[in-house]
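A.B. asks: Chain residues, written in single-letter form:
Protein chains: 2
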Amino acid sequence: MTYAVGFLLQSGLLFAADTRTNAGVDHVSTFRKLTIFEKPGNRVMTLLSAGNLAISQAVIEELREGIRTKRKENLLNVRSLFAAARLVGAAVRKVHDTDAVALRQQDTDFNVSFIFGGQIKGEQHRLFQVYSAGNFIEASPDSPYFQIGENKYGKPIIDRVIRHQSSLMEAAKCTLLSFDSTMRSNVSVGLPINLMAYRKNSYKRGFEVEVDAMNDYYRSVGGYWSDALRFAFQEMPNPDWKL
Amino acid sequence: MTYAVGFLLQSGLLFAADTRTNAGVDHVSTFRKLTIFEKPGNRVMTLLSAGNLAISQAVIEELREGIRTKRKENLLNVRSLFAAARLVGAAVRKVHDTDAVALRQQDTDFNVSFIFGGQIKGEQHRLFQVYSAGNFIEASPDSPYFQIGENKYGKPIIDRVIRHQSSLMEAAKCTLLSFDSTMRSNVSVGLPINLMAYRKNSYKRGFEVEVDAMNDYYRSVGGYWSDALRFAFQEMPNPDWKL
Numbered sequence: 001m002t003y004a005v006g007f008l009l010q011s012g013l014l015f016a017a018d019t020r021t022n023a024g025v026d027h028v029s030t031f032r033k034l035t036i037f038e039k040p041g042n043r044v045m046t047l048l049s050a051g052n053l054a055i056s057q058a059v060i061e062e063l064r065e066g067i068r069t070k071r072k073e074n075l076l077n078v079r080s081l082f083a084a085a086r087l088v089g090a091a092v093r094k095v096h097d098t099d100a101v102a103l104r105q106q107d108t109d110f111n112v113s114f115i116f117g118g119q120i121k122g123e124q125h126r127l128f129q130v131y132s133a134g135n136f137i138e139a140s141p142d143s144p145y146f147q148i149g150e151n152k153y154g155k156p157i158i159d160r161v162i163r164h165q166s167s168l169m170e171a172a173k174c175t176l177l178s179f180d181s182t183m184r185s186n187v188s189v190g191l192p193i194n195l196m197a198y199r200k201n202s203y204k205r206g207f208e209v210e211v212d213a214m215n216d217y218y219r220s221v222g223g224y225w226s227d228a229l230r231f232a233f234q235e236m237p238n239p240d241w242k243l
Numbered sequence: 001m002t003y004a005v006g007f008l009l010q011s012g013l014l015f016a017a018d019t020r021t022n023a024g025v026d027h028v029s030t031f032r033k034l035t036i037f038e039k040p041g042n043r044v045m046t047l048l049s050a051g052n053l054a055i056s057q058a059v060i061e062e063l064r065e066g067i068r069t070k071r072k073e074n075l076l077n078v079r080s081l082f083a084a085a086r087l088v089g090a091a092v093r094k095v096h097d098t099d100a101v102a103l104r105q106q107d108t109d110f111n112v113s114f115i116f117g118g119q120i121k122g123e124q125h126r127l128f129q130v131y132s133a134g135n136f137i138e139a140s141p142d143s144p145y146f147q148i149g150e151n152k153y154g155k156p157i158i159d160r161v162i163r164h165q166s167s168l169m170e171a172a173k174c175t176l177l178s179f180d181s182t183m184r185s186n187v188s189v190g191l192p193i194n195l196m197a198y199r200k201n202s203y204k205r206g207f208e209v210e211v212d213a214m215n216d217y218y219r220s221v222g223g224y225w226s227d228a229l230r231f232a233f234q235e236m237p238n239p240d241w242k243l
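Sequence order for the protein chains is D and B. Quick note on numbering: the working numbering labels position 212 of the first sequence as 212, and the sequence is numbered without any gaps. Quick note on numbering: the working numbering labels position 21 of the second sequence as 21, and the sequence is numbered without any gaps.
Think of the hints as simulated: they come from the structure by calculation, not from any bench. All the pointers check out, no bait thrown in.
Calculated pairs, DSSO-like style, for lysine-lysine (alpha carbon to alpha carbon, straight line, at most 30 Å): (1) K242(D) / K200(B); (2) K242(B) / K200(D); (3) K70(D) / K121(D); (4) K242(B) / K121(D).
These numbers come from a predicted model, not from an experiment.
Sequences and hints are given; from them, build the entire structure.
C.D. replies: This is the structure in structure tokens:
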């Protein structure tokens, strides 16, 4: 499984993904699921992937192939992030055309999804979620984040503390708590976490970090948060119930 | 959908279930999913149900029928809660035998699950989760709660604050927070919540409450908790990252 999240904030974009992949509980490995495409000074795009690793790697390879062979339309020359998201969707469809029948014969779904965001000069920064059918939706100030993969455990904390106006730092902190809640409940989501912040109108990749089990800050977060929640819980008034 | 949770605590058992059922978004109604079987002074059993409402109602009816017709083995005369859980499982299998083929012809899964717990004189209080195949598992001090239905959103808060040693009051408070987190994220889980506490060795139904949208305590809980989390979040130290 995977857990990945992307935020559309007033001040920029924040992306994070875990790195665990598994094909059965006895075949667990680590793959980076955060990919950056950039032309510094002009555009930066980040792609987070979840689902079947063979499919997501094939999609990324197809996008890179478009850039390498200087296709008429590729991620580094399209004019808008919408057009770029359409290229991601087209790459998904191309892989589907190649692989879906064989996968179905093995009773395997064509299961993949992406969070894709960035900024191209002349436009605002934008964030999309691309489905396995190659279609996509765009985030807005009212719905300023997308999650893919194992999204439920880590959703309540995001809903309670993050808004479009939140800072990149707040989104980064919340992201670590969201991953902490998820990893406590689902062992198929695992460290390290790749995190990347993009500051709007910078047109270059921003702060990047790989958070692993040795990361002091991450280690302190889980303990801090559990203590804070237990304290808030103890302080919460009791109902007037005769239990 | 449904969300229901049952706790096995040192001091007793706590059960809660929402009441929303839906067959499509334009067919939403309210049904009680918490059923009590009792012989005061001798035994109390509580059954929480999730899944297809027609199936869970048929299972409950089958259990009641066993009591009404004074079957050799029914919920009010078996000697142990394990034997009682086996009766629940047998009722599930009987309904499966009647309905599963017709359901499959309509592309509908035989989807049902139960949390079942209580105490019979001569035994400790016990808690079980019964699956749609009629088999079941029992809770233990290490894993002191079961959830059925839409369980993920409301799980992190339980994992952080509840242990087997927690009081019934703590479990009740945590249950409301857990439902609050779930209902914020999934509209197919809805008020009112039925909650029942059983104090061990009392052999009678304990405190019961139906928490609806007018319940002052419940209304205050969501706000209190959001404020407490936001405060704890703001107080959380920042990482040493240049975002």
